[in-house]
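Chains A, B, C and D, in that order, give the protein sequences. My numbering applies: residue 1 is where the first sequence begins, and numbers increase by one. My numbering applies: residue 349 is where the second sequence begins, and numbers increase by one. My numbering applies: residue 449 is where the third sequence begins, and numbers increase by one. My numbering applies: residue 678 is where the fourth sequence begins, and numbers increase by one.
These are calculated hints, taken from the structure and not from any lab test.
With beta-carbon atoms standing in for the labels, derived distance ranges:
hint: 1; chain 1: A; residue 1: Gly294; chain 2: C; residue 2: Ala569; range: 39 to 49 angstroms
hint: 2; chain 1: A; residue 1: Leu288; chain 2: C; residue 2: Ser510; range: 17 to 27 angstroms
hint: 3; chain 1: A; residue 1: Arg61; chain 2: B; residue 2: Val387; range: 54 to 64 angstroms
hint: 4; chain 1: A; residue 1: Ile73; chain 2: D; residue 2: Tyr807; range: 44 to 54 angstroms
hint: 5; chain 1: B; residue 1: Val372; chain 2: A; residue 2: Gly294; range: 37 to 47 angstroms
hint: 6; chain 1: B; residue 1: Ala383; chain 2: A; residue 2: Glu198; range: 49 to 59 angstroms
hint: 7; chain 1: A; residue 1: Glu198; chain 2: D; residue 2: Ala732; range: 51 to 61 angstroms
hint: 8; chain 1: A; residue 1: Thr262; chain 2: B; residue 2: Val387; range: 14 to 24 angstroms
hint: 9; chain 1: A; residue 1: Leu288; chain 2: B; residue 2: Gly382; range: 22 to 32 angstroms
hint: 10; chain 1: B; residue 1: Leu390; chain 2: C; residue 2: Asp596; range: 23 to 33 angstroms
Here are the simulated BS3-like pairs of lysine-lysine, each with C-alpha atoms no more than 30 angstroms apart in a straight line:
hint: 11; chain 1: A; residue 1: Lys171; chain 2: A; residue 2: Lys112
hint: 12; chain 1: D; residue 1: Lys800; chain 2: C; residue 2: Lys637
hint: 13; chain 1: D; residue 1: Lys924; chain 2: A; residue 2: Lys256
hint: 14; chain 1: C; residue 1: Lys555; chain 2: C; residue 2: Lys637
Chain A stretches covered by chain D per the calculated footprint, using a threshold of three residues with CB under 8 angstroms from any CB of chain D:
hint: 15; segment: 6-18
hint: 16; segment: 25-31
hint: 17; segment: 39-46
hint: 18; segment: 151-162
Beta carbons: idealized from backbone N, C-alpha and C, even for Gly.
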Amino acid sequence: MSKSLPFFPDAASSVAREVDLLFLSWAVISVFFTLLIAGAIIYFMVKFRRRHEDQVGEPERAALALEIAWSAIPLLICLAMFGWGTRVFFSMYRPPADAVEYWSVGKQWMWKFQHPEGQREINNLHVPVGQSIKLNLQSEDVIHSFYVPAFRVKQDAVPGRQTTVWFRATKPGVYHMFCTEYCGAEHSQMIGSVIVMEQGDYESWLAAGGNTAQPMTASGADLFQSLACSTCHRVQGDQRLAQAPNLVGIFGRQQKLSDGRTVIADESYIRESILNPQAKIVAGWQPLMPTFQGQVTEEQLSQLIAYVKSLSGDGGGAAGGGSNQAGDTAGGQTDAQTPQTAGPASES
Amino acid sequence: MSEHVSSPRFYFLIFAALIVLTGVTVWVAEIDLGAANDVVALTIAVTKALLVMIFFMHLRHSTRLTVLTALAGFFWLAILILITMSDYVSRGVILPVPGK
Amino acid sequence: MSSVAADPHAVHAHAQHHPSLAHQFDNLDQQRESSTLGMWIFLVTEIMFFGGLFTAYVIYRSQFSAAFQAASHHLNVIMGGANTAVLILSSLTMAMAIWAAQVNRRKLIVVFLILTMLLGATFLGVKYFEYKEKFTHHLVPGPNFEFDGPDPQHAQIFFSLYFIMTGLHALHMIIGIGVLTWLAVLSWKGRFNSEYHNPLECAGLYWHFVDIVWIFLFPLLYLLGAHAH
Amino acid sequence: MDYTTEATTFKSPPVTAPERPNYLNAGYTLRSWLLTLDHKRIAILYLISVSIFFALGSLFAMMVRLELLTPSGDLLQPDTYNRMFTMHGIIMVFFFLIPAIPAVLGNFLLPIMIGAKDLAFPKLNLASWYVYNLGGAFTLWALIHGGVDTGWTFYTPFSTTYSNTHVIAVALGVFINGFSTIFTGLNFIVTVHRMRAPGMTWFRLPLFIWSMYATSLIIVLGTPVIAITLLLVAAERLLHLGIFDPKLGGDPVLFQHLFWFYSHPAVYIMILPAMGVISELVAAFSRKRIFGYRIVAFASIAIAVLGFLVWGHHMFVSGQSIYAATVFSVLSMLVAIPSAVKVFNWTATLYEGSVSYETPMLYALGFIGLFTIGGLTGVMVATLGFDVHVHDTYFIVAHFHYVMVGGTIMAYLGGLHYWWPKMTGRLYNSFLSRISAMLVFVGFNLTFFPQFILGYLGMPRRYWAYPPEFQVLNVLSSAGASVLGLGFILPLCYFGYSLFKGRRSIDNPWGAVGLEWDTTSPPPTFNFDVIPVVTHGPYEYNPEQVHRVTHPEEAAVV
Ligand code: HEA
Ligand code: HEA
Ligand code: CUA
Ligand SMILES: [Cu+2]
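Work the whole structure out from these sequences, hints included.
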C-alpha cells in the first residue's frame, strides 16, 4: 500500500463505488450549501456593514415564500438521499443467494476466521475475488466490529448473538481490516488484513495451507454425534422413534412455538435453541433438551449451526429468508452444502 | 384562584374503587386468558393510575398546563418503549431482495 | 426606554408580605402554581426514570415470556396484594392530610401524616420479609442464584429487574417517609393552613406517584404467572 | 424610543463615583457567594466550575493529540490512551458542554430577559450547583485513582464486566450530575411559564428564551433515562444484577437504545442554547429583528421533539433491525430541517441590517459556517449506506467536533463576549479578542477538517496506534489543535485582566435592545429597580416596527 498521502480509500468491493458515489454527491451538496451560506454572509457583511454609529437595520420584510423554499428544498434533497442511501444499505445487508458462508469470532483482541472448507486463520482473511462471501460474526466477550475500509462494510459482533455481513471483493490486493467498536486496551491492535486473491491463487493457497481441518459442516456433523444431539434428534431414519423434532429442513422456516408464537428459524434461533433450549419450545414437544451453554465454544457453536443449516438444502443463502421452504428436502442428506467455489481440498 | 376542596366521603369512594380493582386484577390473573391476561391487567392498572391522578392528585381541578405536563410524561415513555420495541419485533427478518 | 414603565409594585416593597411568600414571587397564587407545576415536572422525570426500567421489562418480557412467567410464580401474590392495599390506603390518608389542611384542621393534618407514614413503614416491612424469602431461596441474582425451573438464565434477568424495580420503589418510599416526617413537624408547628400548604400538596403528589408506580409493578411482576402452573 | 438615547442617558460613571448597588458588590464574603440565592451569582459560580472542567477536558484532548502525532503509540500506554479519550469525552460532554450555556448564560440571563426578579426556585438553583460539583467530585476521584476507560458511551458488556477501571464512580458521577441538569431545566420551565413580566407574551420572548425552554424540555424528559441506565450499569458491576449481560441472554444492544435515547437528545441540549445565543448576537449586531422570528422559535421546539425520535442512528451497524435503522434514518433527515431553517433565517437577518464586526459577531458568523458543515456531515452520516462506512471512524469525530466545538463552543464564547460587560460591568481588549476569534476559527478547521478525510480513508476512532499512511493528516490535526488551544487560552488572559483592571462599561455598550440591556450593568440583585412592563417584541430596533406591534391599550401604560 502506498505510503504517500492518500485522499481517497481503495475501492475493492461491489458496493464500494456506490458508497463513493453517495459520498461524492453529498459532498457536492454540502459544498454547495456551505458556499451559499458563507457567500451570502460575506456579501451581506460587506454590503450592509454599519455605516454610522446610530444606524439600525431596515424593518423586516416577511417572506413566507422564502421560508417555504428553504424548508422544502433541503427536505426534498434529504429524502432523495435517504432513499438512495437506504437502497445501498439494504444491498449491504442482504446477501445474494450464492454467497458462501465464512465464520468469524472476535475476542479480545483478535479475529478468528474459518473458511467453509475448514481452514482457520487469525487476523488474516483470504478470500477469492469475485465471490460473494457472507461472514457470520460472533463474539466471545465484548462487542467488536468488523470493518474493511476498502470494502466499505462494517458490522458489530455482539456477544450472545450472531450477526452477518457480506461482501464481494472486486480487486485482488491486501486491505486493512479493523476492529471499530471500542473493546478495551488493545482495541487498536485488533487489526489484520483481508487478502483478496484470484480464484486459482486462492485454491492453491488453500491447498498449500496444509488444510487438515474439516469443512465446517463436517465438523458440525461430528459434534452432533459427539455431543449426543443425535440421540434425540434423528436426522435420518424413522422419526417415530425420535424424542425431538427433526432438524432437517427447519432452517428458514416459520416454527410454531408452544406458547402460540411463531419464529423464523434463523441462526440466532438455532443458537438460542442450543444454548438456551427452554427459551423457545417447539409446539408439540416437551422442554426436554438440556442446555449446552458452557459445553461448546463459540466456534463449535458456529459449526453446529452450519451443520443444522446444511440440513436444509440451500440454507446458505439469505439469512432467514422466508423464501426457502425446504421442508421436503430428502431426509438422509447430511452434507448438502457444497459451496460452488469449493476447491479440491474442501471435499473429502 | 381558590382551590377546590373535595369531601372525605368522595376520597373514600375513590379508595374503595381502587381496592375493588385490585381485587379484580388478582382474580382475573388466576384465569388463563392467553395474551388477553396482559391486556386486562394493564387496562386495570391504567384505570387505577388514572383514578389516583385525577382525584387524589387533583388533576381534575388543575390547570391545562399541569394536565399537559402529566400527559407528556406518559407520551414520552410510550415513545421510548414503542420505538425500542420496533427494533426487537423486526430483528433478524431480512426479506428477500425484491425481484431476485 | 419605553418598555420600562413605572410599575406600582416596586421590587422591594413587599408591604403586605405574607410570611410564607418567597421573595421572587409576587403573590401566593403565583407561588402555589409554580410549585405545583414544578412538582409535576419532577414527576415527569420520575416517570422517565422508572420508564427506562419498564422498557427493559417490556423488551425482555416479550422475548422470554415463558421464563418470566415461571419466575413470576416465585413471588408471593398474597404479600404483594396486601402491600398494594396498604399503599392505596396510604394514598387515601395522604389525600386526607391535605384535605385537613384545606379545612384548617391542624391536628388532623398531623394524624393523617403519621398514619400515612405508618402505612408506608408497613409496606416496607412486608417488602423486607419478601426480600428475605428470596435470599433464603437463592433467588437473588448473582453467583448464588439457583432456579430449578426451566430457563434459569432468563429467570435471573427477571429477578434482576424485580430487585432493581422494587428496590428503587422502596427507596422512593423511604425518601417519602423522610419528607413526611419533616412536614409532620412543620404541621405540628402550625405552618400550614387553608391559605398556604403547597409543601404538603407537593409531598402528596410525590406520594401518590410512588403509589402509581406500584400499581403497575404489582401486576407486571407478581401476577403475570398466576394462571400458569 | 431608540437605543441611542439609551446609550447617552447612562454615561459611563466616573471611576471615582461610588458604585451603584449591584449583585457583585452586594456582599464580599465567601459565605455571600457560597450561600447565595441570586441566579446571577450562581451563574458566576457555574462559570468558574465549568471553566475548570473545560481546562481539564482540554488537557486530555492535548494528550490525545500528542499521542496521535506518531502512528506507533509511543507516548502513552494503550490503556492510558483509552482513559485519556474517555475522560476527555465524559468531562467535555457531561461536565462542560451540557451545563455551559444553560447554567452560565441561561442562569444569568433567563430571569432578566423575561423581567423576573429571580428563577422560580432559587434554592433549587443553588442546590444544582452543589450537586454538579458533587458529581464532579466523584469523577475527579475516579480520575485521580486511575480514571475510566469505557469511552464516554459506556457500552456494555465492556463497561459492566470487562473493564477494570472505576466505572462505578464515574457512572455515579454522571448520574449525580444529571440531577443538577434536571434542577436547572425544571427551574427554567417553571420560570418561563410562571414568572414573566407583565406584557411579556410568548411571542415577545427573546429567541434565547425559546431555545432555553426547548432545551429544558429535553433535559427533563431525557436525563432521567441516562440516570437509570447508568445506575443499571453500576448495579450490574456492583450487585451482579444481569440486565444487559449476554451470558444470561441479556441484550447489550438494549443498553445502547437506552443510552442513546438520552444521548442523542443531549446533543440538542448542547446545540439549542447555542442557537439561542446566535439569534441574540445576530439580531444585536445587525440591529434588526431576526428574520422569521416565529419560525425560528418553533424550530427550537420542533428540534426538541423530533430529536427524541432518532436515537437509533448511532446504532446502524450495531445489530439492530435494519427496518428500525431505516425509520431512524428518515427521522434524522426530518430533524435536520428545522436546523437548516434556522441557518437560513440568521443569514437572511443580515440582509438590509446594520452589520458590525464586534468580537461576538465574529464568533456568531463563525458559528453559522462551522455548524453548517457539522450539520451537513450529520445528515450525511444519517444516510444509511454512507454511515456503514464511516461509523466509528474519524469522520464521526470530525462531525461532532464541528457541531460541538465549532458550534456550541463558538456560541458560548460569542455569548460570553457579548454579555461580559453585562455580567461584570467591564470591557475587555477588543483587539486581542478579535485575534482570538480568528485563532479559534483557523485552528479549529485545521484540527478537524483533516479528520473528515482520515475518516473517509477508514481510520477508526479510539485508536491508540494507526497505520503509517494516516500520519500526515494526523500531524496536521495536532498542529491545528495547538493553534486552537492558543485561541482558547487568550480569552482566559484578557478576561482575567478585564475582571480586575478592565475599563468600566456603560450599561449598554452594544446599543442593543432587550430587557437585559434595560437594566444597569452589572444588574442589581433583583435585576430591575422597577419591574418592567413589556409592550413589544424583543428585537425592535426599528421605531416603525415598534409602533406597528404595539397594541393601543399597552401603549397607554407607557
Ligand atoms: C452538538 C452536538 C450535535 C449536533 C447538533 C448534531 C447534529 C446532528 N447529528 Fe450528530 N453527533 C454528535 C453531536 C451532534 N450531532 C455526537 C457527539 C456524535 C457521536 C457520538 C459518539 O458516537 O461518540 C454524533 C454522531 C452522529 C451520528 C452517528 C454516527 C455514527 O456513529 O455512525 C449521526 C447519524 O445519523 C448524527 C447525525 C446528526 C444529524 C442528522 C444532526 C442534525 O441535527 C444536523 C442538522 C443541521 C444541518 C443540516 C445544517 C444546517 C443546514 C443547512 C445549512 C441547509 C442545507 C441542509 C440540507 C440540504 C440537509 N450524528
Ligand atoms: C464539548 C465537547 C468537546 C470538546 C470541546 C472537544 C475538544 C477537542 N477534542 Fe474532543 N471529543 C469529544 C468532545 C469534545 N472534544 C467527545 C465526546 C469525544 C469522544 C470520546 C470517546 O470516544 O469516548 C472526543 C474525542 C476526541 C478525539 C478522538 C479520540 C479517539 O477517538 O481516539 C480527538 C482526537 O483528536 C479529540 C480532539 C479534541 C481536540 C483537539 C479538542 C480541542 O478543541 C481542544 C482544544 C484545547 C486545547 C488544546 C487546550 C486549551 C487550553 C486551555 C483551555 C487551558 C488548559 C489549562 C492548562 C493546561 C492549565 N477529541
Ligand atoms: Cu475489538 Cu475493538
Ligand atoms: Cu445523534
